[in-house]
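Here is what each chain is made of, one letter per residue.
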Amino acid sequence: MPSPKASFGSRVGWIYSYTMSNNSLVSIADYSKEEILAILNSAADFEANPNRKTLDGKVIATLFFEPSTRTRLSFETAVVRLGGSIIGFSDAATSSSSKGETLNDTIHMVSCYADAIVMRHPLEGAARYAAEVSPVPIINAGDGANQHPSQTLLDLYSILKTQGTLENLTICLVGDLKYGRTVHSLIMAMSHFHPIFKFIAPDELKMPDEYKVFCKKNNIPFTEVSELTDNFNDADILYMTRVQKERFQDLMEYERVKNVYTLKNAMLENTKPNLRILHPLPRVSEIDPDVDGNEKAYYFRQAQNGLYIRQAIVSKVLAP
Amino acid sequence: MEKKLKVAALRNGTVIDHIPSDKLFKVVSILHLDTCLNQITLANNLESAKIGSKGLVKISDRALAEDETNKIALIAPNAKINIIRDFQVVEKRPLVLPEEIHEIVQCSNPNCITNHEPVSTRFQVLNNNGETVLKCHYCEREVKLEEVRIK
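Order-wise, the sequence lines are chains A and B.
In terms of the numbering used here, the first sequence has 346 at position 265, counting the first letter as 1, and numbering is strictly consecutive.
In terms of the numbering used here, the second sequence has 464 at position 38, counting the first letter as 1, and numbering is strictly consecutive.
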């Protein structure tokens, strides 16, 4: 644990102000508007020329304490295309944590070998803690239901690429708005750019109050509805998320909701020409395969954008 | 010989007044008064013009540490703490929540790293539309003041 940087008045031992000792990326809130825009510009450069040797001689550890396909592969591809090397594990069962090693010890051990650590962990707050104890930068690749900042940045990059701007867009967030970390982080990131939000979710999975309070504090207009059909004709971005069965106490309710929140191609008929459909993937049944051929379906290219964003992130955290 | 009630006055020590009646024994618990060997007077369900029904604690020869008064601020923010010396109130200590709370609160999110690893807890004190909430520095979950779990 780093030493307290400052204390206030007589409350020594009670109030501390810490700063991370490195360039870690833990939460999208760690980046200012200017830093976000700089990352997006950098990603555009990497998209134009993804193969460079800027990480020549660098070793990046990918510690995935829970499974991931897209995130791990795109981070590893990003590092390899920049000339760096990868060490790590993709299953906690093959790491020392299965023997009871603390996260603190694992991070200290790995930091002896690697120049930066990309970490996914099932516990919320694990990335913040790792960043505080680590002498090398930590990149949060998802900590439980909390933060997944590289996903948020690739979402922003996808919105920017498809709309030509991030300013004054109408964004519909659909599905699991209660537990979905991607939609929560997207609200925080878009707050810099004067969005209008529409939250479309069943009552069981409505947007938590704290994010509605955040919108009000930041003068972000939003509306809430529970029906999907005909409620996104004014949208620029339709951000779909997976409605997860395990979130429902009543499985009958899940079956009803699951079908109500399935986007079909015919539902896109009256939408704006510039509308693009995003989804963090994997999808299950919330987007019918008949949407895939529609030019408004952008989710696979969105996943590809993750590569360029992760090249930009790794380059930033390792910048001198 | 003149009879005197011991509760009538405190020579030296601390008086915690205006504790909501349903919080009195929580205050007793967080101050570990059950194992305290000093003379202690407890009173509860006293009439109060301000809060209807109140509790009161008098502790002889003990001044509360700052982290103890801050714990009280978390569960009974409108309580009054008076420090007594030679039967006189020498200090009225205001209960003010600091901007950040360190160590004494346990995160209520079972999936928070602080409940699985030896991590000192940290919470930001926030005001959400007039309601005080604590936000965990690690898992970023917010918890209402009345739902706070004190270690």
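Bear in mind the hints are in silico, worked out from the structure with no lab data behind them.
Fair warning: this is a prediction, and the values are worked out from it, not measured in the lab.
Where hints are given, some of them may not hold.
As the list claims (entries may be wrong) - The calculated SDA-like cross-link candidates involving lysine to any residue, where the alpha carbons are at most 20 Å apart (straight line), are: (1) K397/A <-> S108/A; (2) K134/A <-> G164/A; (3) K298/A <-> L463/B; (4) K476/B <-> I501/B; (5) K561/B <-> E308/A; (6) K293/A <-> Q550/B; (7) K139/A <-> S396/A; (8) K259/A <-> E525/B; (9) K561/B <-> L332/A; (10) K297/A <-> K570/B; (11) K242/A <-> H273/A; (12) K397/A <-> N122/A; (13) K298/A <-> L552/B; (14) K287/A <-> T352/A; (15) K293/A <-> N537/B; (16) K293/A <-> H542/B; (17) K242/A <-> K134/A; (18) K298/A <-> F513/B; (19) K180/A <-> H542/B; (20) K259/A <-> P216/A.
Claimed, not checked - Not close to chain B: a few residues of chain A, all C-beta gaps over 12 Å, as computed: (21) A110; (22) T158; (23) T183; (24) N185; (25) Y210; (26) N227; (27) Q228; (28) E248; (29) H265; (30) P289; (31) K298; (32) Q330; (33) K345; (34) P363.
Backbone N, C-alpha and C fix where the C-beta goes; we use that ideal spot for every residue, glycine too.
Consistency of the hints with the structure:
1. K397/A <-> S108/A: holds (15 Å)
2. K134/A <-> G164/A: holds (4 Å)
3. K298/A <-> L463/B: violated (49 Å)
4. K476/B <-> I501/B: Given pair K476/B, I501/B holds - Cα atoms ~17 Å apart, limit 20 Å.
5. K561/B <-> E308/A: violated (32 Å)
6. K293/A <-> Q550/B: Roughly 19 Å between the alpha carbons, so the hint for K293/A and Q550/B holds.
7. K139/A <-> S396/A: holds (11 Å)
8. K259/A <-> E525/B: violated (27 Å)
9. K561/B <-> L332/A: violated (32 Å)
10. K297/A <-> K570/B: Satisfied, since the Cα-Cα distance of roughly 19 Å is no more than 20 Å.
11. K242/A <-> H273/A: Judged against 20 Å, a Cα distance of about 17 Å means the pair holds.
12. K397/A <-> N122/A: holds (12 Å)
13. K298/A <-> L552/B: holds (12 Å)
14. K287/A <-> T352/A: violated (24 Å)
15. K293/A <-> N537/B: violated (23 Å)
16. K293/A <-> H542/B: violated (30 Å)
17. K242/A <-> K134/A: violated (26 Å)
18. K298/A <-> F513/B: This hinted pair is violated, its Cα atoms lying about 48 Å apart.
19. K180/A <-> H542/B: holds (15 Å)
20. K259/A <-> P216/A: violated (35 Å)
21. A110: violated (8 Å)
22. T158: Consistent with the label, T158/A stays out of reach of chain B, its closest Cβ about 28 Å off (over 12 Å).
23. T183: Label violated. Min Cβ-Cβ 6 Å, cutoff 12 Å.
24. N185: violated (7 Å)
25. Y210: violated (5 Å)
26. N227: violated (6 Å)
27. Q228: Incorrect as stated: the minimum Cβ-Cβ distance to chain B is 7 Å, not above 12 Å.
28. E248: Correct as stated: the minimum Cβ-Cβ distance to chain B is 27 Å, above 12 Å.
29. H265: violated (9 Å)
30. P289: violated (9 Å)
31. K298: With a cut-off of 12 Å, K298/A comes too close to chain B, as the shortest Cβ separation is near 8 Å.
32. Q330: Given that every Cβ of chain B is farther than 12 Å from that of Q330/A, nearest at about 18 Å, it holds.
33. K345: Since the minimum Cβ distance to chain B is about 35 Å, K345/A lies beyond 12 Å and the statement holds.
34. P363: Non-interface label on P363/A holds, nearest chain B Cβ at 21 Å vs cutoff 12 Å.
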